[in-house]
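Trainee: For chain A, the structure is supplied; the task is to place chain B on it using the hints.
Residue numbers (our numbering), protein chains in the order written: chain A, 153 to 492; chain B, 153 to 492.
Wrong hints could be hidden among the right ones.
Under the rule of at most 27 Å between Cα atoms (straight-line distance), these lysine-lysine pairs were calculated in the DSSO-like manner [to be verified]:
1) B:459 x A:375
2) B:326 x B:459
3) A:224 x A:326
4) B:326 x B:350
5) A:375 x A:349
6) A:459 x B:375
If you're looking for bench data, these hints aren't it; they were derived computationally from the structure.
Quick caveat, the model's predicted, so the values are computed rather than measured.
Protein chains: 2
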Amino acid sequence: MGTPAPGDLRVPYQELVEALARVLLGFGFTKERAHLAARIFADASRDGVYSHGVNRFPRFLRALRNRVVDAKAVPVLVSSAGALERWDGQSGPGMLNAHKCMQRAIELSQLHGIGCVALRNTNHWMRGGSYGWQAAEAGRIAICWTNTMPNLPPWGAVDPRLGNNPLVIAVPRKEGHVVLDMAMSQFSYGAIESYRKKGTQLPVPGGFTSNGELTTDPGAIEKSYRPLPIGYWKGSGLALMLDLAASALAGGNATCQIAADPERETRVSQAFIAIDPSQLGGEAACAEIADRVISDLHDARTVSGEKVRYPGEQVLRTRRTNLELGVPVDAAIWEEVRRG
Amino acid sequence: MGTPAPGDLRVPYQELVEALARVLLGFGFTKERAHLAARIFADASRDGVYSHGVNRFPRFLRALRNRVVDAKAVPVLVSSAGALERWDGQSGPGMLNAHKCMQRAIELSQLHGIGCVALRNTNHWMRGGSYGWQAAEAGRIAICWTNTMPNLPPWGAVDPRLGNNPLVIAVPRKEGHVVLDMAMSQFSYGAIESYRKKGTQLPVPGGFTSNGELTTDPGAIEKSYRPLPIGYWKGSGLALMLDLAASALAGGNATCQIAADPERETRVSQAFIAIDPSQLGGEAACAEIADRVISDLHDARTVSGEKVRYPGEQVLRTRRTNLELGVPVDAAIWEEVRRG
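Okay, chain A solo, but in the shape it has when bound (with noise of 0.2 Å):
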């Protein structure tokens, strides 16, 4: 997430599709792929999660040259049980991976009222919310969440053994798709570097310094490598059943089994469930059920006197923003980019 840094050009959101899906084409992409991931790069930073769009496409590229990702790859069956299917991704392009799966539970959701996915050996999905939002466009509400290499200490250690998880939740809303992207870490080391930066403090305790005392300071974690799970005790025991859950259904690695180098991330394992809830009768009730929850959390007594936001509502209000104004773009990496 983040907000749009200072030197960052402002390109329109179709020449950054097509610029994008020029590159990868350059890969090996096929052009139907090299559309579709462009796009998902390119939709993150117009939906303003800057830190998994765009401006992370040098290191998917290096990860194409180092063949930690296999451009190539598609996602094949394993194994099936009705509503639950087992996929490999064969390492392929986590982003694509991670849309085919969602697809196909959307695909089962409407065979089934709900459809599960589970995929091993795939690469990082990049900003887990595009999922939620695919899921949501078609109608579903939705679960997905990946595991990653080893990121953060559980509650009472001082070694990362659990990775941050990042756990996604959908539910379609016809003013806006509530959509919940969040990883198990209080703050991602993006967002710790990005204070560090700007030389302020985290607002809230975001880690230990390496004596072990909890701290805002963001030097300290980056310091100490001991980011905070949220919640304490309570994110580190959701971190590790979500790694449980993903691995197990998959049949694929563990957080324990996955490179702990951000570069040599892979074969990671992911869940994706979509259910259906028109089946049920109630889509009316559904949206109704929906705005209601909404328009409650919006009537919230608040401390500054603006309203509560709800997951999702500000990837609205940028989008619009940037589909107006061009997609923010990293000066240096619009230029890689458009050098191909």
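Mentor: Structure of chain B alone, referenced to chain A:
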């Protein structure tokens, strides 16, 4: 959770179940339902979850007397779409409704690989972990959650608009199931009260003072009625999503429609998802993965030198002790139960 209070009696497990069942028979429960409800209460205390076990039985009896809970009501199927069903709890006993719906989700997962049952118009399910253990005993990976009355201010707000909406995730494992049972507030009001009575501060900030300062003072949080969501804005978002998803799937009440009174909290919405990993041809693999993850967790270097515990690990130890020495029950409550 918690430790037995100093004055607690230790009652043999079987005697406890029978005494509780006898009382429920007097309230019009059938023999079978009385025993199942009694067992769910006794199991919670046996497993160390004293706050939601036998010590909560008197409040449950009040709810029966006040007709908040209808002793004789059974859940009925409202609509169905293959692996997805919606049930109506008809204001029956929450623990029986929840048990029935998890059982049904398990059956559906037998047929379809995954099953989801949404339940509306039900009552407090007591210990949420009960239904996670139930699924894990059946070899299922499970996710279930409930909404509650409004008892938690959204991040940035002053008034409680969110429920603390407990979330349960279970993964079966031969050497001990891994079961997480966590509410979205950092501490329950019960836990906050118990810290205050002991005259100690919370180990981490658990809410706000009336002036809006984060605090570890339990009394100040009881006064402000502003407990803290886990992970600040993150748990606030997660609590909202759980409410939205449960109420939309169940076609039932959202938190904002539930009476904000612990004695009158009723007609809540819940969701139960069970997944059968054995149907993916990987039963052994699932167990092996779970063992690997737990073993890695146990290898973490800790601050205290003690091993990091996985969710559910302490339950098994407490269960052993309480089966051996008797289940701790508040003396006055045991007297009330014995009088019938």
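Trainee: Compare the structure with each hint and give your call.
Mentor: Okay, the hints, checked on the actual structure:
no.: 1; hint: B:459 x A:375; verdict: 24 Å, holds
no.: 2; hint: B:326 x B:459; verdict: 20 Å, holds
no.: 3; hint: A:224 x A:326; verdict: 37 Å, violated
no.: 4; hint: B:326 x B:350; verdict: 38 Å, violated
no.: 5; hint: A:375 x A:349; verdict: 14 Å, holds
no.: 6; hint: A:459 x B:375; verdict: 24 Å, holds
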